[in-house]
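Whenever a hint applies, use it, and build me the whole structure from the sequences.
Taken in sequence, the protein lines are chains A and B. Residue numbering for the first sequence is 1 to 285, as defined by the UniProt record's numbering. Residue numbering for the second sequence is 1 to 285, as defined by the UniProt record's numbering.
Hints are computed from structural coordinates only; laboratory data are not their basis. Mixed in with the good hints, there may be bad ones.
A pair counts as met if it fits within one copy or between any two copies, since identical chains are not told apart.
Taking lysine to any residue and the SDA-like style, the derived pairs with C-alpha atoms no more than 25 angstroms apart in a straight line are [said to hold, decoys possible]: (1) LYS274 / SER260; (2) LYS27 / SER171; (3) LYS167 / ARG89; (4) LYS118 / PHE87; (5) LYS252 / GLN265.
Model, not experiment: these values are computed from the prediction.
Each chain, written out:
Protein chains: 2
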Amino acid sequence: MPEFQQIAILGVGLIGGSIGLAAQKRKIAGKVVGIGRSEEKLAKAQRQGCITEGTTQWQAGIRGADLIVVCSPVESIVPLVEQLVPFCRPGTIITDAGSTKQKIVDTLHLSESIRGRKDVYFVGSHPMAGSDKSGSDFATADLFQNRVTIVTPVAETDRTAKATVRKFWESLGSEVHEMNPSEHDAIVAATSHMPHVIAALVAASTPEAMLKFTSTGWADTTRIAAGDIDLWRQILTTNRGHVLQTLANFEKLLAAFRTSLEAGQEEHWIKLLKQGKHHRDIVGS
Amino acid sequence: MPEFQQIAILGVGLIGGSIGLAAQKRKIAGKVVGIGRSEEKLAKAQRQGCITEGTTQWQAGIRGADLIVVCSPVESIVPLVEQLVPFCRPGTIITDAGSTKQKIVDTLHLSESIRGRKDVYFVGSHPMAGSDKSGSDFATADLFQNRVTIVTPVAETDRTAKATVRKFWESLGSEVHEMNPSEHDAIVAATSHMPHVIAALVAASTPEAMLKFTSTGWADTTRIAAGDIDLWRQILTTNRGHVLQTLANFEKLLAAFRTSLEAGQEEHWIKLLKQGKHHRDIVGS
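Written as structure tokens, this is what we have:
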């Protein structure tokens with residue numbers, strides 16, 4: 001018997017579509033209902049096998065769900081969950097795939113709509129998988145395979161719901177880590193948000209007339225800069241404090257590099273290159 | 001009849017090995033002689049089909065060559081060429097694959113050994129293809145296919161030799177551009193050397209304990225930081241002026257981004273993200 005009778009996925013793009021594919025491939029869901037605003041995109045996602053059915057009527061879509069996964073842009077997660085909760089059946093677990101966690105988790109735990117339903121449970125999640133591409137066209141059943149998912153419980157989080165959400169991501173192939181939302185946000189600032197900003201600025205600072213002389217190195221370094229601007233606006237806005245801190249750290253390192261290259265202090269700047277290579281080699285391909 | 005009776009390649013690594021494979025696949029050389037210091041590496045490159053024969057005796061290796069391609073690290077190119085020239089047969093053309101050009105071209109054109117042989121010709125080249133990997137294991141016949149090669153003639157460069165070198169790279173599948181060495185160095189500072197430094201610093205500034213939480217974005221952005229430190233030391237040292245300039249430009253952009261994010265001036269930092277995406281989209285995958 002599958003783990004869940006019915007999973008509802010709000011937002012069937014790269015992440016939502018991949019969750020649907022993975023949940024079916026691994027037989028953890030009876031039905032996978034996609035909820036979205038575009039009939040056309042839902043029909044396409046259904047043809048692609050991401051969902052077993054699709055609807056633009058969210059109330060109908062969540063009716064039979066025992067797990068709801070909200071895969072919409074970060075700023076829309078809180079209002080969507082607040083709207084859904086009163087219509088959930090008792091025992092429903094809600095999680096999300098948002099790239100920032102503190103604002104979402106803090107706001108929801110203070111929310112009247114959540115506090116009014118003791119039998120509906122929210123657990124924050126962040127599957128750390130993605131791409132510079134978006135849309136269900138790029139969804140794959142293996143997107144979460146061997147990737148980390150961070151689950152961010154707080155004092156108010158129901159323990160059984162948390163265990164179910166952990167198991168859900170593990171069933172999709174993820175390695176699950178648990179930490180508080182603020183710790184999560186500090187980590188993704190350093191490992192994802194700062195690199196995104198830097199990649200965009202490397203691309204921005206390359207004069208347009210020189211772009212035809214770029215090679216594989218430039219292409220790799222700047223790849224994520226092609227990502228959706230509005231999604232990144234939301235991510236950077238909701239994690240501003242941590243992002244500012246990591247950018248300031250990066251600026252200090254860059255200034256140290258530049259001044260030691262200028263001063264001919266080879267041992268200083270070589271040491272920074274070596275530290276970079278050391279970290280890169282730890283991560284591997 | 002092949003374009004060259006015999007090509008000698010000094011340094012049969014990723015670039016030299018790929019030149020050998022491409023020259024044979026495209027039948028532009030009768031023989032491809034690899035010259036290196038390690039018998040073992042040469043034997044391996046020969047088994048891999050990169051060269052038709054190998055030798056550690058450079059005098060013997062260049063004896064019958066009508067084209068010599070120097071693929072050794074940038075700092076070694078000038079002393080190697082100076083050493084080779086007196087032993088070249090009349091009409092030999094020498095080119096290189098160095099990532100910086102001004103120091104190499106300027107020094108060689110002032111060199112006694114070159115000036116003493118009016119019948120041996122040096123033309124600077126830079127095939128803009130590469131990888132974070134090194135060694136003939138990663139060589140491919142298509143490395144230069146649809147990639148740009150920059151040829152950097154100066155007033156003293158022989159026109160016929162220049163035309164031959166252009167045709168050589170075109171035969172390997174490259175799109176050849178011609179410019180002076182200083183212009184070349186300014187371009188690669190922006191398109192390759194600055195991105196390399198930034199990638200290394202992104203990796204260096206990510207705390208080691210957080211590396212397990214990196215995802216594909218971090219991996220792409222930092223990929224080139226895995227490159228050989230000593231090769232990059234040589235590149236950054238020989239192109240220091242231009243690299244410092246591009247790093248200073250980058251620092252200004254980064255400071256502008258950070259202060260506008262801090263001040264909540266969303267239109268400012270969004271504009272920079274959009275400029276980055278615009279440039280990235282022009283280049284494509």
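| request: Tell me, please, which holds for LYS274 and SER260 at an alpha-carbon limit of 25 angstroms: within, between, both or neither? | output: Within. Shortest intra-copy distance 15 angstroms satisfies the 25 angstroms Cα cut-off; inter-copy 32 angstroms does not.
| query | Is it within, between, both or neither when you check LYS252 against GLN265 at 25 angstroms Cα-Cα? | reply | both (17 angstroms within a copy, 23 angstroms between copies)
| task | Measure nothing new, just compare the shortest in-copy and cross-copy C-alpha distances for LYS27 and SER171 to 25 angstroms and report within, between, both or neither. | result | So LYS27 and SER171 pass the 25 angstroms test inside one copy only (9 angstroms; across, 53 angstroms).
| query | Between copies, within a copy, both or neither: which fits LYS118 and PHE87 at Cα up to 25 angstroms? | reply | Classified as within: same-chain Cα gap 13 angstroms, cross-chain 88 angstroms, threshold 25 angstroms.
| Within, between, both or neither: LYS167, ARG89 at alpha-carbon 25 angstroms | Classified as within: same-chain Cα gap 21 angstroms, cross-chain 72 angstroms, threshold 25 angstroms.
Checked against the numbered hints listed earlier, the structure breaks none of them; every hint is satisfied.
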